[in-house]
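Chains as they are written, first to last, in the working numbering: chain H, 1 to 290; chain Z, 1 to 293.
Worth flagging that the hints you see were computed from the coordinates, not collected in a lab. Take these hints with a grain of salt, some might be off.
Stated by the list, open to error - If you only want the chain H side, here are some residues facing chain Z, beta carbon under 7 angstroms, derived:
#, residue
1, Val22
2, Phe27
3, Pro190
4, Gly274
5, Ile275
Think of the CB as a built atom: it goes at the ideal place given N, C-alpha and C, for glycine as much as any other residue.
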Amino acid sequence: MSSAPPIERTPLPAIDADQAIVVILGFIRSQLEQTGFERLVVGLSGGVDSATVAFLAARAIGPEQVLAVSMPYRASASEAEQDARLVVESIGCRSERVEITPMVDPMLALLDGEDAGLRVRRGNVMARQRMIVLYDRSVAFDALVAGTSNKTEALLGYGTLHGDMACALAPIGDLYKSQLRAVAGRLGVPERILAKPPSADLWPGQTDEDELGATYDDLDRILFALVDRRWSVERCVAAGLDADLVAWVVQRVARNEFKRQLPPVAKLSLRTPGIDHLYPRRRPGSRRAS
Amino acid sequence: MEYRIGLAQYAPRLAEVDANLELANGWLRRAAGDGAQLVAFPELALSGYLLSDLIPEVAMHASDPRLIELSRAAPAVLVAIGFVEETDDHRYCNSAALLRGGTLIGVHRKVYLPTYGLFDEGRFTRHGDQIRTHPVGEPLGRIGLSICEDFWHPSLPMLQAQDGASLLLNLAAGPARAPGSAAGLAAIAGWHKMQDTYALLGTVGVAFCNRVGNEEGLSFWGGSRLVAADGSTIAEGPLYEEALVIGSLETDDLRMQRYSLPLLADERLELVRRELDRIVAERAGMPEAVEEA
Chain H
1 MSSAPPIERT PLPAIDADQA IVVILGFIRS QLEQTGFERL VVGLSGGVDS
51 ATVAFLAARA IGPEQVLAVS MPYRASASEA EQDARLVVES IGCRSERVEI
101 TPMVDPMLAL LDGEDAGLRV RRGNVMARQR MIVLYDRSVA FDALVAGTSN
151 KTEALLGYGT LHGDMACALA PIGDLYKSQL RAVAGRLGVP ERILAKPPSA
201 DLWPGQTDED ELGATYDDLD RILFALVDRR WSVERCVAAG LDADLVAWVV
251 QRVARNEFKR QLPPVAKLSL RTPGIDHLYP RRRPGSRRAS
Chain Z
1 MEYRIGLAQY APRLAEVDAN LELANGWLRR AAGDGAQLVA FPELALSGYL
51 LSDLIPEVAM HASDPRLIEL SRAAPAVLVA IGFVEETDDH RYCNSAALLR
101 GGTLIGVHRK VYLPTYGLFD EGRFTRHGDQ IRTHPVGEPL GRIGLSICED
151 FWHPSLPMLQ AQDGASLLLN LAAGPARAPG SAAGLAAIAG WHKMQDTYAL
201 LGTVGVAFCN RVGNEEGLSF WGGSRLVAAD GSTIAEGPLY EEALVIGSLE
251 TDDLRMQRYS LPLLADERLE LVRRELDRIV AERAGMPEAV EEA
């Protein structure tokens, strides 16, 4: 007697990688067409997210139209930079290396550098300094900045506002980390990059999963249940998800809502941008003059 | 008799009505050149979809000379096209015009405006109040127009089948969600099930013209489709790419199909109406109406 395998009650979010790639490539091309740009800048960390965006960008518009910028800090892992180079070599795009140490350290030295929050502050300054470099290179290269944040990070608020979250378009912003890995594999992102533990690389030995206190797979199972399936906390726990981790995720998603939205505007007039003055951002007149 | 239908699965430019009229004109001529007797365009083909406060800027009356002129580009061809309609009393509707040779045959105003999830149509447009069919001459007789979400309410296609339509024509702007998923209303598979089911239960042809292209973060999935009254697929377009999807309905089949499977004729319309009246009365909290029944 045979029986069907049991249905997993709290699965990882599935994805049809081939269709997702088709959709994202169309998205990238149309965003460029609608804004009047032909090129993209991507900040490369050596990790799977930025590698995936670089692969997608090269596939969408051709590698010669893509500038990958690697921006190491003095404490960055040397393997990260090697992996960034591997991405550039794999897709044959243009690349630049801009070390951010001489931008970050003097700024922190000017301010109180010894307080307890230094590690967080330094991480934020690094992320925002990279943003400044990317936006500068985007003008020099006549390009838009492609974002490298994924859905897991966005929901958990695991990113720096006006830092690594800053971009003109977000090609992988609706892919959970686990889905992103499937897409990356399909795109041919090198195995070495797929296999290594994800890291924000803000201090030596840091890994995302240590810092978040859970694996991306566990987080994705919970987020998929809470967000996409709209399950209650009770249902998540009854289905076998870890109660403490579910509670932590719920709190984290709520606390970071502000990172996913524009700041609130104090309503005074009859028509207020973002409230009742509502227009698509790409429309007649929004394309820059060629 | 073979009746040739073209589905112009194209990507309108957002809020560029004149540019879209020109694009539509090109697709219409191409389809007419391929022998199409009916050419359908997507929902909001002349304006694009995510308009929000651009609605008044792109709206036109159903009698707008630009629409009339478009239909003259291939005067023998029946044209169904989506646009933002401004009525005489300034209601803004998501509408479909049916034209031929410079004559406006009819208009369908989208009855069901999705205002949930990613959709916000009810905020910017007003719903239509009629579910009708339109006379288009032999061999089709009458066709029933609908727009995208209208098809997710089975009462609408079934009313049109009862009202004499031999073809249900749905113009759509369907954004892709959970691409590749086989389950759920968002999935392409859901649209296929629905089209096949309406064709089969209404013993009626079904034509579905869905746009492609991208607006903001949305990707419209295309996959336009022509289904025969027995539920078999006659033609199907590619996903996400512009295409002219062409196929022929064999209109002579309908006579024997409806003899073999007299579902429409057997429908108990009086009974349906009585039960609907009862349900409506109960929902409105009118128990006396229930007791009367």
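Problem - Interface hint compliance - Ile275 (chain H) to chain Z, C-beta minimum distance less than 7 angstroms - result: At about 11 angstroms, which exceeds the 7 angstroms cut-off, the nearest Cβ of chain Z leaves the hint on Ile275 (chain H) violated.
Problem - Evaluation of the interface hint that places Pro190 (chain H) against chain Z, nearest CB under 7 angstroms - result: violated (25 angstroms)
Handout entry: Hint validity - Phe27 (chain H) Cβ closer than 7 angstroms to any chain Z Cβ
Key = At about 6 angstroms, which falls below the 7 angstroms cut-off, the nearest Cβ of chain Z leaves the hint on Phe27 (chain H) intact, so it holds.
Exercise for the section: Answer holds if the nearest beta-carbon of chain Z is closer than 7 angstroms to that of Val22 (chain H); otherwise answer violated. Expected result: Hint holds; Val22 (chain H) Cβ to chain Z Cβ min 6 angstroms, cut 7 angstroms.
Exercise for the section: Under 7 angstroms, Cβ to Cβ, is where Gly274 (chain H) needs to be relative to chain Z, so tell me if that hint holds or is violated. Expected result: violated (11 angstroms)
Hints 3, 4, 5 from the earlier list are contradicted by this structure; the remaining hints agree with it.
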